[in-house]
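Line by line, the protein sequences give chains U and C. Just so we're aligned, residue 387 is where the first sequence starts under the working numbering, counting upward by one. Just so we're aligned, residue 752 is where the second sequence starts under the working numbering, counting upward by one.
Calculated directly from the structure, the hints in this document are not laboratory data. Among these hints, one or two may not hold up.
[What the hints assert, rightly or not] Part of the chain C face toward chain U, derived, beta carbon under 7 Å:
#1 L755
#2 L764
#3 A768
#4 R1085
#5 L1167
#6 R1293
#7 G1296
[Stated by the list, open to error] Some chain C residues flagged as far from chain U (calculated, every beta-carbon gap over 10 Å):
#8 N791
#9 Y1138
#10 V1312
[As the list claims (entries may be wrong)] Where chain C lies over chain U, by a calculated footprint (3+ residues, C-beta under 8 Å):
#11 432 to 443
#12 471 to 482
Since the structure is predicted, the reported quantities are computational estimates derived from the model, not experimental observations. Don't be surprised by glycine CBs; every beta carbon is placed ideally from N, CA and C.
These are the residues of each chain, in order.
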Amino acid sequence: MIWALVAAALAVALVVVVALPFLREPAPASDALHELGPAERRLLEAEEARDRALAALQELEADHRAGRISDEDYRAVVGSLRRDAAEALRALDRLGARPRSAGTSDAGAKID
Amino acid sequence: MAELGRAALLLTLGLSAYALLAGGFAAWKGRRRLAHSARNALIASFFSTLVAALVLVVGFLRDDFSLRYVAEHSSRALPTQYKFSAFWGGQEGSLLLWLLILTGYAALAVWLARKRARDLVVWVTPVLAGIALGFTWLLVAVSSPFDVAAAPQDGSGLNPSLQNPYMVIHPVALYLGYVGLAVPFAFAMGALLSGRTDERWIVATRRWTIVAWTALGVGQLLGAHWAYVEVGWGGYYAWDPVENAALMPWLAATAFLHSVMIQEKRGMLRIWNVTLVSLAFCLSLFGTFLTRSGVVTSIHSFTKSSIGPWFLGFIVVAVVFAVGMIWLRLPQLRTTAKLESLVSREAAFLYNNLLLVALCLTILWGTAWPMVSEAVRGESVVVGRPYYDFFLRIFGLPLLLLMGIAPLVAWRRASLRGLVRTFVWPGAVALATGVTLIAFGAGSSIPGLVAYSFAAFVLATIVHEFARGTAARRALTGEPVPTALSRLIGRNRRRYGGYVVHAAIVLLAIGVAGSSAYDSVAEKRLTPGQSLEVAGYTLTYRSLGERDGPNATEVRALLDVRRGGKDLGTVEAGKNSYSVEQQVSNEVGIRTDYLTGEDLFVIAEQVRDDGAVFFRVFVKPLVNLIWLAGFVFVLGSVIALWPDAREERRLATRYASARERSDTPATT
């Protein structure tokens, strides 16, 4: 009997947890999910492209400086990486994004 | 207490069904409160499952034999630690452990990702809930650990092979790996369901994948060591179906961890990545099916059961769902980025992926073919060690070499001249190693020689990498070597953690090659006073003794060990006779040389009443490097997993900007 009571108490507690969003907001102004709209998704993808391009450029510079990449290979690749980075930044400008903050720049990674 | 356990599992069933249905509906219709409620239900299902698990643990610790599962897997004399591990000694407990880990992972994953990828999490919730629902259904309707019967005076005891310290931790580690692969799978499917095929599912699951992959790797090594010290046949891996079952998802996850870098760096291989993550998860289900269904005979499988068809159905649903979703989203997954050169890092990673997947699929074929043959043709066939060894050499040796090459090739394209310059030193080290080994008479095994030369090449590239990076940092900052080295690693944890993991794989390869290609074996029936010689060791059988253990009678043969005229002490080998279980187990004797990593491994195959013993003795060079590899592997994984504050800031900025914009229209 005692275990049946414990089970009932557990069930009640868990049902309350499940119902919590409705108990907290019985009549919200909006019940719509905060989904990304097409513009936000384009912005997110552009930011991913920017981060990818800048990280690739940074890694190439670091590899070249550490001697992993030969001068010849460096010269063959750096131009296209810079073009990609510039294009990604221009795309973000067109979408009106904020610039990448100074706190997220990565000077230390230049020496790995 | 059984009713509390049953009620808790029924609650998990209800909660996961609600999370699946309400979560799916909320995601489809965009209902915020319902989505949060479904997420809460998924989190709550962990707590109800935890209660069920605690009930079973208490049942074992209190010798509650009215629980049929406890009566069948424990006894009063069973030592307490094995009463605890008897929890997963049978099918029902194993399934409950699977469910407990799954709901735990699910609760943590959706909670941690709720801010950065909230539109993704609403779709991830029903996927994880669907998986949890399947397992809960098995536990409630097919194979319950809370069935009760009239309590016998004592239980049947636990299989003696499971009465080993490794069995306390090995299954848990393995399940943490198997089940952990459900998280990246669920996020991948969530991304496909929602049509959000950007990088967020990869960012959200990067660490989960490494955690699951590490646990699966560690679980396999623990299982190998358990087989080595407990099963008593002189080896650690026998290409047993259940062993293969854990190796296959690990190989697929390894391929995924590499290919995902190409998506992050170049935006390529999106279709391939969701395919790999689905393959890894489906193989983890297949692994559980092999272990739990009783369809294969294995030293690791302790179950005969009727859940096989349910599991097969589960696997079919997962495969059809994954293939259907990938097919549906193909247009969004296609990318414009192309492979620019066959000599580039992405190309090298691609070769690595093809080799890993080829190895995985050949192992799958070797594992599944006996079952397929028996089911379709009614003929039993055995796919033996030569098949697996052949493909391990064909695919494994090039993989080993690629581990040294791939990290040092430039992205996009690299010139052959640049490559030659980069690899001149590692190549010279590999060549010198090969020549030295031949000079010392190690040319008897060509695969072993090639493996050692490639291993030397990879180790040289890794050491060179650390040395070069540290020197470059010192040149710029003037830091002392330890500071420069630690900051070098701290600045790029994934890269240097990856190198440490590669070093672990090299140690593993050296240990496997040494212990399998260059081992020695001798067999002889000895009476007290007689000796046996093997690989420079002389073993003299001194005496046979008997003693009482906690729940077994232990018979031990004592042998004196000498080498080169030097006394190396004694080693004991024998058998344990378990009275409750009515079984006998081999208890091997192992003498480890910590300086060379070599083991002297003694099996007392037959113990006769007149005191004569038939011994089988192995000398296994370098075998301990395999176990050392486990520690290095964990170290590398921890380095790669450790949070990177700069990376976190960058991602926080990226996602905060998108979130702020998405919040604006919804709240106005």
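Results of checking the hints against the structure:
no.	hint	verdict
1	L755	holds (4 Å)
2	L764	violated (12 Å)
3	A768	violated (12 Å)
4	R1085	violated (14 Å)
5	L1167	violated (10 Å)
6	R1293	violated (57 Å)
7	G1296	violated (49 Å)
8	N791	violated (5 Å)
9	Y1138	holds (39 Å)
10	V1312	holds (49 Å)
11	432 to 443	holds (count 7)
12	471 to 482	violated (count 0)
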